[in-house]
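*Asks:* These are the residues of each chain, in order.
Protein chains: 2
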Amino acid sequence: MKKITDTELIRSANRRDIIQTLRLHGELARVEIGDHTKLSPATITSITSELVQQGLIIEQNVVLDPSGGRGRPKVKLQLNNQAAFYLAIKLSINEVRFMLGDTSGTIVAQATQAMLTVTLNQEQLVDALSKAIEEFIQHNEVKRSKLRGLGLAVQGVIETQGKGILWSPAIKGKQLELVEQLQLKSQLPVFIANDANCLAVALTQLPKYSKLDNLVAIQLGYGVGMGLIVNGELYQDASAATTEFGHTKFSLNGPQCRCGGRGCIEAYVGDYAIYRDASAIYNLPPTDMLHPSEKQMLDLNQLTEQDNPAMAQIFSQAGTVLGMGLANIMALFNPQKIVISGPGIRAYEHMKESMLRTLHDNLLPYHQAENVVEKHNWDEDMAGLGMITIMQQHTD
Amino acid sequence: MKKITDTELIRSANRRDIIQTLRLHGELARVEIGDHTKLSPATITSITSELVQQGLIIEQNVVLDPSGGRGRPKVKLQLNNQAAFYLAIKLSINEVRFMLGDTSGTIVAQATQAMLTVTLNQEQLVDALSKAIEEFIQHNEVKRSKLRGLGLAVQGVIETQGKGILWSPAIKGKQLELVEQLQLKSQLPVFIANDANCLAVALTQLPKYSKLDNLVAIQLGYGVGMGLIVNGELYQDASAATTEFGHTKFSLNGPQCRCGGRGCIEAYVGDYAIYRDASAIYNLPPTDMLHPSEKQMLDLNQLTEQDNPAMAQIFSQAGTVLGMGLANIMALFNPQKIVISGPGIRAYEHMKESMLRTLHDNLLPYHQAENVVEKHNWDEDMAGLGMITIMQQHTD
Chain A
1 MKKITDTELI RSANRRDIIQ TLRLHGELAR VEIGDHTKLS PATITSITSE
51 LVQQGLIIEQ NVVLDPSGGR GRPKVKLQLN NQAAFYLAIK LSINEVRFML
101 GDTSGTIVAQ ATQAMLTVTL NQEQLVDALS KAIEEFIQHN EVKRSKLRGL
151 GLAVQGVIET QGKGILWSPA IKGKQLELVE QLQLKSQLPV FIANDANCLA
201 VALTQLPKYS KLDNLVAIQL GYGVGMGLIV NGELYQDASA ATTEFGHTKF
251 SLNGPQCRCG GRGCIEAYVG DYAIYRDASA IYNLPPTDML HPSEKQMLDL
301 NQLTEQDNPA MAQIFSQAGT VLGMGLANIM ALFNPQKIVI SGPGIRAYEH
351 MKESMLRTLH DNLLPYHQAE NVVEKHNWDE DMAGLGMITI MQQHTD
Chain B
1 MKKITDTELI RSANRRDIIQ TLRLHGELAR VEIGDHTKLS PATITSITSE
51 LVQQGLIIEQ NVVLDPSGGR GRPKVKLQLN NQAAFYLAIK LSINEVRFML
101 GDTSGTIVAQ ATQAMLTVTL NQEQLVDALS KAIEEFIQHN EVKRSKLRGL
151 GLAVQGVIET QGKGILWSPA IKGKQLELVE QLQLKSQLPV FIANDANCLA
201 VALTQLPKYS KLDNLVAIQL GYGVGMGLIV NGELYQDASA ATTEFGHTKF
251 SLNGPQCRCG GRGCIEAYVG DYAIYRDASA IYNLPPTDML HPSEKQMLDL
301 NQLTEQDNPA MAQIFSQAGT VLGMGLANIM ALFNPQKIVI SGPGIRAYEH
351 MKESMLRTLH DNLLPYHQAE NVVEKHNWDE DMAGLGMITI MQQHTD
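Protein sequences, first through last, are from chains A and B.
Residue numbers 1 to 396, in full-length UniProt numbering, belong to the letters of the first sequence in order.
Residue numbers 1 to 396, in full-length UniProt numbering, belong to the letters of the second sequence in order.
Please keep in mind that the hints were generated in silico from the structure rather than gathered at the bench.
Among the hints, a few may not be true.
Given that identical chains are not distinguished, each listed pair holds provided it fits within a single copy or across any two copies.
Stated by the list, open to error - Taking lysine to aspartate or glutamate and the DMTMM-like style, the derived pairs with C-alpha atoms no more than 20 Å apart in a straight line are:
#, residue 1, residue 2
1, 76, 307
2, 146, 396
3, 295, 307
4, 211, 237
5, 208, 237
6, 337, 159
7, 163, 35
8, 172, 374
9, 76, 294
10, 337, 59
11, 38, 8
12, 174, 307
13, 131, 35
14, 172, 361
Bear in mind that the values here come from a model prediction, so they are computed numbers and not experimental data.
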């Protein structure tokens with residue numbers, strides 16, 4: 001249980017609260033910060049003075065309200081976007097994407113680089129990443145003194161204690177000292193999170209979701225990931241920090257899943273599962289069976305749209321499986337929103353009908369899912385935005 | 001997101017923390033309270049003085065350590081068990097059970113009363129409960145001034161906003177103003193919670209579970225309930241405060257569930273489901289099909305023990321279904337413990353083997369469930385103990 005033990009902790013919590021409020025709302029007067037945070041004027045004055053002194057926020061005088069008001073000119077505060085930077089690194093299969101966030105959380109520079117991640121052991125990966133990070137920092141003229149951290153967003157299973165990777169399709173074996181090694185090499189704080197968890201955190205920064213207590217983010221694509229927000233915070237278990245929705249079961253006797261089990265949701269809905277099922281019926285070009293390409297997946301969409309009922313049936317079955325999974329999520333959490341995103345939403349329209357029908361058919365009578373399930377357009381920045389937020393939450 | 005906004009809130013949190021520490025550990029010196037709570041000596045002195053003044057804790061001088069020590073006699077603090085009382089009321093089908101808790105959380109008086117709850121509408125239930133409460137209070141000579149609250153532990157679905165019951169097998173229809181009406185009539189604060197949630201909270205008060213962040217309590221019996229502890233606190237969603245594990249799905253095409261759906265875990269594992277399946281094979285005495293009696297359920301155990309393979313198969317299938325549900329819980333939460341209790345554990349030994357086998361066969365390779373699943377002996381006090389804790393958490 002989290003405890004409130006001393007005034008310093010409270011002051012940092014209030015400080016984070018003020019910074020976060022400025023991040024969400026932009027330019028604000030001190031009194032407006034009070035409206036949002038419910039902090040006392042004295043607390044706000046004290047903390048914002050410190051933040052101004054540290055260069056994290058900027059004061060701007062605005063034109064005196066001609067009607068008079070409180071008798072002195074209003075001062076608006078805003079974040080100094082040049083004060084602090086955060087480098088998010090999305091680790092995918094043989095591809096590394098760098099996203100540089102500024103103080104406000106906006107991505108101000110990015111680059112994608114091919115890297116044979118799946119062939120690299122921990123030492124080699126640390127070397128390759130460090131080199132690429134240095135290049136990115138130099139190319140974008142980022143001042144190291146302003147860089148608050150590096151954050152790895154990883155497809156796969158993160159080990160929270162050891163701060164490394166237990167399993168990921170993007171790397172070779174376990175890499176349990178990845179964070180420590182990268183920290184030593186870069187001399188910067190290093191953070192790590194599962195990419196579906198990053199998605200969930202990124203969603204909490206959007207005005208439409210920022211006020212929700214309980215939110216579920218589902219990430220469709222290579223696998224089927226999930227991030228769970230409870231009381232406004234990311235749920236993380238004691239060891240492997242993942243909510244593995246994709247490995248809950250549709251059927252004990254279902255198709256083989258890459259996790260070794262059978263009948264997991266992912267074994268019907270993951271890209272590899274859909275491609276595998278399609279190749280049982282259609283004469284498809286050969287592929288890396290665990291990682292069909294984006295183009296190959298788009299070709300399956302096209303097959304469906306060309307009126308191939310068997311292909312439509314595969315997507316419809318995937319939708320049914322997903323719908324049962326969503327019904328289970330509703331039964332267990334009854335979240336305010338379930339947001340579905342990830343590259344796999346390219347086929348959302350082909351799964352949607354059976355998904356929603358199955359969800360509604362299996363909902364408890366006293367639950368309602370109207371307006372609960374939403375699609376959120378996917379772009380690769382989502383993982384980076386979430387990772388930048390995670391870094392900010394830990395360093396603000 | 002919960003916010004820390006002012007010093008009064010912090011003081012109450014610290015106060016609760018100190019009371020709770022004395023509840024868990026009994027008699028403690030101020031310095032020992034500091035070891036447990038990590039609060040500063042000044043904070044502890046200030047808060048404990050207030051608590052002594054209010055009569056909530058008692059100071060006891062203990063013999064001066066002959067070896068000297070800090071130079072003055074040690075004072076031990078303990079809760080004054082006569083300072084505050086809490087009346088938990090377990091509402092079951094046609095039975096009401098009263099459990100009176102003292103300041104330490106110990107049940108010091110109890111009584112069970114037959115009441116035709118299923119025939120009573122809200123007004124009638126409030127009247128009948130009020131009368132029974134008055135009788136209980138008088139019979140046990142409880143001083144009203146020391147009674148901090150009434151707490152209803154209810155089989156069924158609680159509506160947290162309206163503070164009433166959305167659905168329960170124990171009552172007639174919805175009763176959405178039950179709390180308000182009972183509060184008006186009794187002039188006491190009234191609390192309400194689902195009984196499986198009460199079980200989960202009761203478990204957090206046991207030394208073996210009190211330090212866990214994430215814990216799942218499964219309550220087997222009439223239905224299959226669940227309580228979820230996240231970061232040491234009960235998970236409650238925004239509307240209906242239940243984690244309905246029993247209504248997650250084993251199979252979309254499974255047996256009819258009483259919720260209206262098909263193939264829910266409860267439709268295989270709930271008492272009514274097991275009795276229904278058994279009566280398809282054996283010539284069983286007629287029963288209330290939704291609520292077979294404890295004796296009738298024990299008779300099914302006996303059938304199994306008399307070497308009736310069909311009956312053993314029904315329990316084994318229930319175990320398999322439960323095992324898949326537990327595998328899903330592990331995938332989603334990876335909790336530190338899953339504790340199974342409730343009256344339905346009377347058949348635990350008949351379900352255990354298939355349950356654990358299914359769980360282990362369907363576990364993710366990087367999770368481990370050894371020592372995670374445990375049976376906890378059931379008694380009717382568990383719901384009361386949890387409800388008393390919930391009342392204490394709200395009134396301390």
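*Asks:* If a hint holds in the structure, say so; if it doesn't, say that too.
*Replies:* Structure-based check of all given hints:
1. 76 to 307: Answer is neither: 58 Å inside a copy and 80 Å across each miss the 20 Å cutoff.
2. 146 to 396: within (13 Å within a copy, 46 Å between copies)
3. 295 to 307: For residue 295 and residue 307, the Cα distance is within 20 Å only inside one copy (19 Å; across copies 59 Å).
4. 211 to 237: between (23 Å within a copy, 14 Å between copies)
5. 208 to 237: Only across copies: residue 208 and residue 237 sit 18 Å apart there, 27 Å inside one copy, limit 20 Å.
6. 337 to 159: between (27 Å within a copy, 19 Å between copies)
7. 163 to 35: So residue 163 and residue 35 fail the 20 Å test inside a copy (38 Å) and across (29 Å) alike.
8. 172 to 374: neither (35 Å within a copy, 36 Å between copies)
9. 76 to 294: For residue 76 and residue 294, the Cα distance exceeds 20 Å both inside one copy (46 Å) and across copies (69 Å).
10. 337 to 59: neither (37 Å within a copy, 51 Å between copies)
11. 38 to 8: both (18 Å within a copy, 14 Å between copies)
12. 174 to 307: Intra 44 Å, inter 48 Å, cutoff 20 Å: neither.
13. 131 to 35: neither (46 Å within a copy, 47 Å between copies)
14. 172 to 361: neither (42 Å within a copy, 25 Å between copies)
Of the numbered hints given earlier, the model fails hints 1, 7, 8, 9, 10, 12, 13 and 14; all others are met.
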